[in-house]
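K.L.:
First residue of the sequence shown? That's 50 in our numbering, and the numbers climb one at a time after it.
Calculated directly from the structure, the hints in this document are not laboratory data. These numbers come from a predicted model, not from an experiment. Positions of the beta carbon are idealized from the N, C-alpha and C atoms, including for glycine. Be careful, since some hints might not be right.
Here are the simulated lysine-lysine pairs, DSS-like style, with alpha carbons at most 27 Å apart [claimed, not checked]:
hint : residue 1 : residue 2
1    : 124       : 64
2    : 124       : 82
3    : 82        : 64
Label pairs and their in silico Cβ distance ranges [as the list claims (entries may be wrong)]:
hint : residue 1 : residue 2 : range
4    : 66        : 143       : 31 to 39 Å
5    : 76        : 187       : 24 to 32 Å
6    : 75        : 109       : 16 to 24 Å
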Amino acid sequence: MSLRAPNVMRWTRLKDECLEVLNTSPAALASDKVLWQHIQLQHITEEFAMQLSAKETSPDRSRAVQTQLAHREFKRQLDEWRRGVADGCWDEALEFAYHFSLLYINEVAYCAPTNNDATDNSPSVVATETHAIPEFLEKTDTSFEFSPLWICRRSEPYQRCT
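With these hints in hand, go ahead and build the complete structure from the sequences.
P.N.:
In structure tokens:
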């Protein structure tokens, strides 16, 4: 996932239609349905990043509340997406991507810098829910539970693992 860079491809209705055909076509293979789930997950995560980047110019206190609300909304979307994944589609790669997305959303929501970080020595405004830290630690642990050999196998076409 590349989420720190701007999204260069806009999401359009045509993409939605193509994905719907990919998911519902009788000729679709099982791997097509898994690909559809990966794309859906990536889209939810990118939308969260885009929404937060649009709020970077708002005042710190209102941005903290907006970030908290966006965080809750996108966590709800991820939970709905997870419940909607068919049993035959769920595999280790999708599970890893799901936990990575949750970790990313938590990290961005709880570690977002404020505009005055570089110029002012006052503490930043951070809106953290009471269950945030244990949940963040749980997602971090879950992300590292995956076998390094499995991760290397998944990335072999792209890089060398030693």
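K.L.:
Would you list, in rising numerical order, the hints stated earlier that this structure does not obey?
P.N.:
As far as the earlier hints go, 4, 5, 6 are violated by this structure, in ascending order.
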